[in-house]
Amino acid sequence: MNRQKWVSLLGAVLIAAVSSSFAGSGSATGSGAESKEKQAPSLPDYSYKGLDGEMHSLTEWNGKVVLLNFWASWCAPCLNEIKEFVRYQEQYGKQGLQIIGLGLDEARKLKNVARTLGINYPVLVAEPNSNRKLLAKWGNSSGLIPYTVFFDKSGKLSGAHKGVIDDQTFEQKILPLLEDPE
Amino acid sequence: MKLLSVIKRCLLLAAILAAPQSYAIAESQVLATAGEMSVTDDDLKSAMASSPFATQFPSMDREDQALLRGSLLQRLVASKLLYQEAKRLEIDKTEAFQQDVETFRLGLLYRHFMDKLREGIRVPEDVTASIQQQYPNDTDGAAAARAAYLSDRYRAMRYLTIKNLRNKYNIKVYESRIQPHQMSDDTVLLEGDGILITYKHAVGNQVNPPQNKTWLMERLYKRAELLVIAKAANDEGVDLSDRLNSYRGERLPAMMIEQKQREWISGKDTLKKHYDAHPEFSRTMERWHIGQIVLSNHEDAEAVSQRIKAGESLFLLAGELSIDPYGKRMRGDMGWVKEGAGHPDIEKAVSGLEDNQLSEIVQTPAGFHLVMILERSPSLKRTFASMRDKVAQSLISEKSAEYFNELSERYKVVWNLIGEKQAQTEKH
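So the protein sequences, as listed, match chains A and B.
Offset between the first sequence (1-based) and this note's numbering: plus 14.
Offset between the second sequence (1-based) and this note's numbering: plus 2.
Only chain A is shown next, with the shape it has when bound in the complex (with noise of 0.2 Å):
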């Protein structure tokens, strides 16, 4: 029971801390404006710029189950995760699964790894230089990666998990979002 009650409180910690952040001075690389993130329902507006090379939104996955996973290409964790994250997306996508990778690392590495693990999923550029910055912003103080915060289908976020996400953590805290109807 004790445990339990530590995991929740940290999991309202880290809900806390993400959410403050939010509330914050908006993301470095994105465009976010505060006044749209208090638009419900809706992602957080904030843009990176994707592997294809176009600027994107997070507003472009409003109404999915959005899991937004950092990382890097010399994370070993990290790509072992990504090939996880592959088969969730091939697996869940249909019930409104959208994983949303933000590469804390150069292009060219991150385009890389993306062939070679058969990323199914968009892959985003985080603006070099600016990561733990970015990482705090999302409420990693600590800079360790991987990290993923979920959304749940209305934009509202969910949580967040630091290392990696495995299936127990899957089934406990994303599953359940798929199943909600909204």
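Hints in this document: simulated from the structure, not taken from any laboratory.
Note that the structure is a prediction, hence the values are computed from the model and not measured.
Mixed in with the good hints there might be a few duds.
To give an idea of the interface, some chain B residues facing chain A are shown, with a C-beta separation under 10 Å as derived from the structure [as the list claims (entries may be wrong)]:
1. Thr-57
2. Gln-58
3. Phe-59
4. Pro-60
5. Met-62
6. Asp-63
7. Arg-64
8. Asp-66
9. Gln-67
10. Ala-305
11. Gln-308
Capping the alpha-carbon separation at 27 Å, the derived lysine-lysine pairs in BS3-like fashion look like this [stated by the list, open to error]:
12. B:Lys-89 / B:Lys-262
13. A:Lys-97 / B:Lys-47
14. A:Lys-125 / B:Lys-262
15. A:Lys-123 / B:Lys-47
16. B:Lys-414 / B:Lys-262
17. A:Lys-108 / A:Lys-63
18. A:Lys-147 / A:Lys-176
Even for Gly, the Cβ is constructed at its ideal location relative to N, Cα and C.
Could you slot chain B onto chain A? The hints should help.
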């Protein structure tokens, strides 16, 4: 030539395989066969996953991935060739190999038993509650206390387990026989049900073992612990066949090549002859600190040559007039160049020059050069003794290439180029 052709084919195949998304190659496709053995796509993936490049590989460019996979595939094929050769020469029946496998088997059994013992230890609820009480709101402190508890319990359990097994297997230690200088290899120091340790076993591969009773007792007890635990795991019926087969598959080729390497470098004069036949081992190249200006035509070069000879600075002129962007930026200071590394015509022009003497005009595709040696670092003699390891490596590398060609002849190597056909189809 044959080796080159093999490498090229390897790289071509690997290049195709570097794009698993583009060509839906079936799982476990056979990439190459060497005699009776084959290397599959899964083998290659598994080798890649356990290589030091596993993390870097996904972020590499396609060409680099192809090179790496090609090189790894070659190694796997070489390993299969060596394995078959080792079997043919019955290296797997030698005492050294059998002993090696047995040592590995004992280690596996020991680890299996101890891991199980450790995993079986639980932190009781009252201890957990006490730790939580002692470290409220301090997760790190609680985790450390928990780890310390588990470690203590493991130590106690280990001691108890060994004691019980010692009784179970009726272990007897002949301490009175442990007398320095009075033991032969066959002197039995410890025995029990299915366990026997002689002086030779206790000492192991130690060269000139110390004739010291304390040291020997320690070795004896360590060996005894290994054997009783391994026996206990073995009695439980632990199946290690897959891991042992995999170990044999890796160790046998390694022993084969180790044996060949010893043969190649064993002759008294073999290494010296190789050293003498390769002058690059015996001396370092001379290094020159070069000043240079490059002009676009002969006339300009002639004019600048006259100005320098009349006392103007090559460096000031290079900073102003050189058409070589790097040389201009560096004001003619080209840094240190190793003999043999520069353009042959320029090397020829400077070879007879004194320091600070301007060369004749040298024409290259880059323009018309005027060069001088500012200072030089002379070549050094390197003795055979100081280069022995490098000479051995070079000889081994030379002999290995020949040897693998020979093995490829003996055990036919076939590269499966289905991928190549697919690539052709894609092109059309």
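Violating hint indices (sorted, rising): 10, 11 and 14
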